[in-house]
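Chain order of the listed sequences is A and B.
To convert, take the position in the first sequence, counting from 1, and add 8; that gives my numbering.
To convert, take the position in the second sequence, counting from 1, and add 10; that gives my numbering.
Please note: incorrect hints may appear among the correct ones.
Only part of the chain B face toward chain A is listed, based on derived beta-carbon distances under 10 Å [stated by the list, open to error]:
#	residue
1	L31
2	T441
3	V453
4	V456
5	A460
Derived DEER-like restraints, expressed as beta-carbon distance ranges [as the list claims (entries may be wrong)]:
#	chain 1	residue 1	chain 2	residue 2	range
6	A	A356	B	E81	54 to 62 Å
7	B	A497	A	R122	42 to 50 Å
8	A	P412	B	R220	56 to 64 Å
9	A	D206	B	F207	49 to 57 Å
10	B	R37	A	D206	37 to 45 Å
11	B	P234	A	A396	27 to 35 Å
12	B	D35	A	A424	20 to 28 Å
13	B	R150	A	A212	24 to 32 Å
14	A	P412	B	D35	44 to 52 Å
15	A	P412	B	A541	28 to 36 Å
16	A	D399	B	R150	57 to 65 Å
17	A	T283	B	G149	27 to 35 Å
It is worth saying that the hints were derived from the structure and are not from the lab.
From the three backbone atoms N, C-alpha and C, an ideal C-beta is built for every residue, glycine too.
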Amino acid sequence: MTEQGVRWTADQVLALAPDAASRKAGGRLGTAGPWSGSGSGKESVWGLCKGSGSKPYQTVIDLTGPAYRCSCPSRKFPCKHALGLLLLWAADDGSVPVRAEPPEWAEQWLTGRRDRAEDKRTEGGGSAPAADPEAARRRAERRAERVTAGATELEQRLADLLRGGLAAAEQAGYGLWEETAARMVDAQAPGLAARVRDLGAIPASGAGWPARLLEECALLHLLDQGWLRREALPEPLAATVRSRLGLPASADGPPERDRWLVLAQYDTADTKLTTRRIWLYGTASHRTRLLLSYGPAGRAPELSLPVGLALDAELSAYPGAGQLRAALGERFGAPVPAGLRPPGTSTAEALARYGTALREDPWLESVPVTLEQVVPVPDGEQWQLADAEEDAALPLTRAARSRPGLWRLLALSGGAPVTVFGECGHRGFTPLTAWREGDGEAVPLC
Amino acid sequence: MHGSAPRPDTVTWEDLVTTALLGTDRRPPARLAPGRPAPVALLDAAAGATVRRRAGLRAARAARRPDRAPEDPRPPLPAAAAGRLTALLADRSGGASGGRRGSSPDLMELLPQWLAAANAHGYAAPAQALPALLDAARGRTDLRPAALAFAGPRALWLARFNPDWRFALRSAPGGGAALPDPGDEKGIRRLWEEGLFAERVALLGALRARTPALARELLAGTWPTERAEDRLLFLDSLRSGLSAADEPFLEKALGDRSRNVRATAAELLSALPGSALAARMAVRATACVALDRTGDPPVIVVEAPHECDPGMERDGVVATPPAGRGERSWWLGQLVEAAPLGTWPDRLGGRGAREIVALAVADGWQGELHAAWCRAAVRQRDAVWSRALLGSPSAPEAGGPGAVSLAERAKLLAALEAEERAEWVAGFIATHGLSEAFQLLGVCAVPWAAPLGRAVVDALNIARDAGSYPWSFSGVMGLAERCLDPAEAARLEGLLAIPDEREDAAPGAGGYWAEAFQRLVTTLRLRAAMADELRPDDSGANLPPGSAGTRRGRQDRPAHPAP
């Protein structure tokens with residue numbers, strides 16, 4: 009469907025860059041100069057880029073992924089050559105013409121890749137049956153025992169903590185939590201470990217920390233109890249508990265085919281891992297889904313979808329009540345400009361949705377919401393998104409206040425109402441993408 | 011956001027927090043589920059309360075909404091140009107990465123001309139690009155006027171919210187409020203009398219461009235009450251639109267208390283060849299310079315002034331020379347510099363500027379005299395004298411340490427028409443090469459005229475063949491990337507190959523040259539693409555209603571005026 013020359017915009021291409029340096033390097037290569045033999049067609053783009061060596065780099069992009077292949081030694085995905093070529097293609101100035109056939113070197117990789125995708129599909133969802141179901145069951149049981157031991161120990165530690173008082177914990181400092189987190193890693197409960205580690209940062213988080221610490225301790229306690237009494241829980245809630253604990257699950261929900269609008273994509277990083285979140289909105293099903301992917305620290309995960317495009321694809325949901333996470337299944341074409349926006353709601357309704365979602369998943373931090381007719385408003389040191397017509401507003405989260413996206417949002421609005429997609433939770437609202445009134449493209453804020 | 015009210019039959023959240031903070035050992039919780047250990051009962055209750063509190067969150071009261079940003083009536087950028095802008099601004103971050111430049115273009119260096127072109131077309135900036143534009147302008151003061159003009163009224167609105175962008179409000183008068191209409195005499199007067207210093211300077215500058223007389227009258231009205239530093243800057247703004255009508259005011263300023271104000275007034279008056287001050291200086295200067303006809307050919311003789319009398323001082327002559335200069339030659343320089351150039355033909359036997367410059371000067375006064383004439387030609391913007399003093403670009407002394415320095419030459423060139431300027435510099439480069447040309451190239455109109463471009467490319471080619479490294483010419487290379495006409499790109503193709511290394515050449519130089527030329531060609535192509543992208547869409551989709559027929563006219567208009 010891109011054969012007709014529906015090209016992406018430069019912004020959408022730059023959004024794929026794994027980091028600022030790549031964005032810059034890619035921008036410099038987005039000129040006709042170093043490129044030769046470039047072309048596009050069959051939902052792919054290819055070209056030869058003259059580098060410092062005698063042999064030019066061969067760069068090819070499968071737009072259906074998008075997936076990238078380049079003969080350069082860079083380990084970044086996409087590399088600067090792929091970004092530069094996509095920019096050149098996006099500029100649509102005739103330097104990347106539509107051609108009937110890719111050259112052989114590109115064709116080889118493209119067909120290889122697409123054949124593999126085909127094979128995966130015919131295998132039926134790709135979940136290969138475990139070699140030995142009995143052994144797998146035993147492994148799962150052993151892990152469950154460990155998690156139970158971990159949860160029991162954590163309950164004990166939480167009880168001790170409250171017996172002695174949170175004030176004492178403040179003095180004990182970070183070490184106490186680090187050690188407990190390490191015990192939870194040993195217990196193979198990464199979800200518990202992460203929550204415990206987060207507890208350690210709360211006493212230093214400023215005024216009101218005792219209340220926040222009590223909240224998080226209580227929710228951790230609730231999660232422990234959920235696990236220890238999982239037999240008594242309805243299955244969807246039990247699945248949610250397992251997923252919150254970080255136990256493996258497979259996306260075995262029925263495939264939902266839709267035109268999925270890419271609402272937002274952003275990365276968070278800790279010392280070991282880069283986590284990428286991609287929010288999708290089903291234009292027919294009106295469902296919002298989350299794709300999670302991971303990369304090693306400092307490197308972007310491979311899956312990257314430009315904001316504002318729509319993707320004809322199947323998603324499969326992960327199990328668990330109130331869980332929005334899904335896995336990307338088969339794709340039926342490259343992402344194309346959609347010119348669509350998700351329908352929006354008011355600030356009060358956004359909070360009501362969060363409240364409702366807590367019924368299914370009490371550990372939920374936030375829900376994805378599109379706000380319509382809202383204005384960014386300064387409120388002392390804080391910022392709000394206020395309903396244009398009503399006296400109601402959501403404060404922005406602390407993280408959102410310090411991001412450059414805040415200024416893009418404010419510039420886009422200019423005091424007038426805008427549509428904003430973001431995450432709404434108990435800490436406030438984190439804007440991720442915005443649209444101005446009337447027409448205009450999605451503007452990423454993250 | 012605030013939580014819902016607690017139910018009367020449960021402990022309050024504050025109670026739970028206090029208990030948790032002190033510990034259940036010290037403060038046993040009241041009214042919690044019996045039969046469970048106290049800490050567990052506390053956690054149970056807190057878990058329920060936490061979820062309840064979160065589920066019951068309500069929207070907060072809205073703070074005072076900001077006023078709407080003013081409308082930007084300019085047409086939006088074409089899509090491709092908007093994409094280009096994003097790329098140019100993305101290149102800004104971490105620009106000082108250091109290292110060799112390689113063969114890819116330096117996008118940040120292209121931002122100024124992109125902005126100038128976009129402003130010439132009169133496009134509005136995309137709203138989401140404003141933060142990056144303001145950040146770019148913050149980091150580079152030279153970008154500010156063009157960047158702020160392009161960013162438009164919405165950027166000034168935006169800058170009020172971020173302390174980092176205060177500079178935008180300072181450079182725009184009235185914190186974003188536009189200057190009063192030219193017809194709004196009351197508004198103008200009020201701003202002049204009540205405005206901040208920066209606002210008043212901006213007002214004076216803007217008025218001077220439109221109605222110079224009105225600006226002068228405003229200034230004259232409050233002149234005695236202004237502070238000396240302010241008087242100096244206000245007076246300086248009369249430089250634009252200077253005319254004979256300003257003379258009475260300037261003549262009065264010669265009697266000012268402040269020496270700097272006096273000197274500036276004198277300088278401005280001497281730029282008016284018909285002024286009384288210019289006439290006085292002419293009398294003084296011609297008394298010092300005469301033609302000795304006894305010899306053949308005749309010679310100019312100079313008798314420098316013996317004293318600096320109070321009249322001279324009042325007319326702006328500085329009595330004390332800088333260290334290392336004789337006072338008589340110092341005074342002479344100032345007199346000749348301030349005398350109208352038109353006095354010299356009569357004084358020196360009816361000769362024209364070219365013949366006068368060709369005359370020999372006795373007793374080694376030539377340097378002093380010619381330098382003073384140069385300053386006069388620059389000050390009086392006299393093309394005939396500038397041409398005469400510049401001489402032939404291919405003359406041997408033009409490249410050497412002659413009477414006229416390179417800096418002075420660059421200034422003299424500015425008095426010539428663009429085409430003549432380019433030809434002179436082309437001739438200079440053809441004879442003397444590039445090593446001295448940087449300053450001269452800087453005053454040439456962009457894009458370079460064809461003969462100049464060709465001269466630069468030929469000279470670069472010669473430099474390469476001479477075997478030196480390209481970074482010896484990095485200044486000129488950088489200028490060429492920004493100033494060469496993109497149409498020249500085709501002619502450069504032949505230079506992209508790596509030549510065979512010669513024995514006497516610097517090792518590896520050939521490869522570096524090929525890379526430098528590659529960058530030059532790539533940059534030129536990029537500039538051509540940039541210009542194409544900014545051309546209005548032929549469909550007219552990007553134009554505001556009713557302007558489809560006036561597209562041609564819009565292109566011919568000068569750049570959008572800076573606020």
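Verification of the hints:
Annotation: interface hint on B:L31 holds; nearest CB of chain A at approximately 5 Å, less than 10 Å. For B:T441, the shortest C-beta to C-beta distance to chain A is roughly 33 Å, which exceeds 10 Å, and the interface hint is violated. Checking B:V453 against chain A: minimum C-beta separation of about 29 Å lies over 10 Å; hint violated. Annotation: B:V456 was flagged as interfacial toward chain A, and the flag is violated, the nearest CB pair being 20 Å apart, outside 10 Å.
Using the Cβ-Cβ criterion of 10 Å, the hint placing B:A460 at the interface with chain A is not satisfied: the shortest such distance is roughly 22 Å. Range check, A:A356 to B:E81: Cβ separation about 31 Å, and the 54 to 62 Å hint is violated. Distance hint for B:A497 and A:R122: a CB-CB separation of about 44 Å, consistent with the stated range 42 to 50 Å. For the pair A:P412 and B:R220, the beta carbons lie near 39 Å from each other, so the given range of 56 to 64 Å is not met.
Checked against the hint of 49 to 57 Å, the C-beta distance between A:D206 and B:F207 comes to roughly 53 Å, which is consistent with it. One distance hint, 37 to 45 Å for the beta-carbon pair B:R37 and A:D206, is violated here, with the actual separation near 26 Å. In this structure the hint that B:P234 and A:A396 lie 27 to 35 Å apart at CB is violated, the actual value being about 54 Å. At about 57 Å, the CB distance of B:D35 to A:A424 disagrees with the hint of 20 to 28 Å.
Between B:R150 and A:A212 the beta carbon distance is about 38 Å. The supplied range of 24 to 32 Å is therefore violated. In this structure the supplied range 44 to 52 Å holds for A:P412 paired with B:D35, their Cβ-Cβ distance being about 48 Å. Taking 28 to 36 Å as the suggested C-beta distance range, the pair A:P412 and B:A541 conforms, at roughly 30 Å. One distance hint, 57 to 65 Å for the beta-carbon pair A:D399 and B:R150, is violated here, with the actual separation near 43 Å.
The hinted range of 27 to 35 Å is satisfied by A:T283 and B:G149, whose Cβ atoms lie roughly 32 Å apart.
Checked against the numbered hints above, the structure violates hints 2, 3, 4, 5, 6, 8, 10, 11, 12, 13 and 16; every other hint is satisfied.
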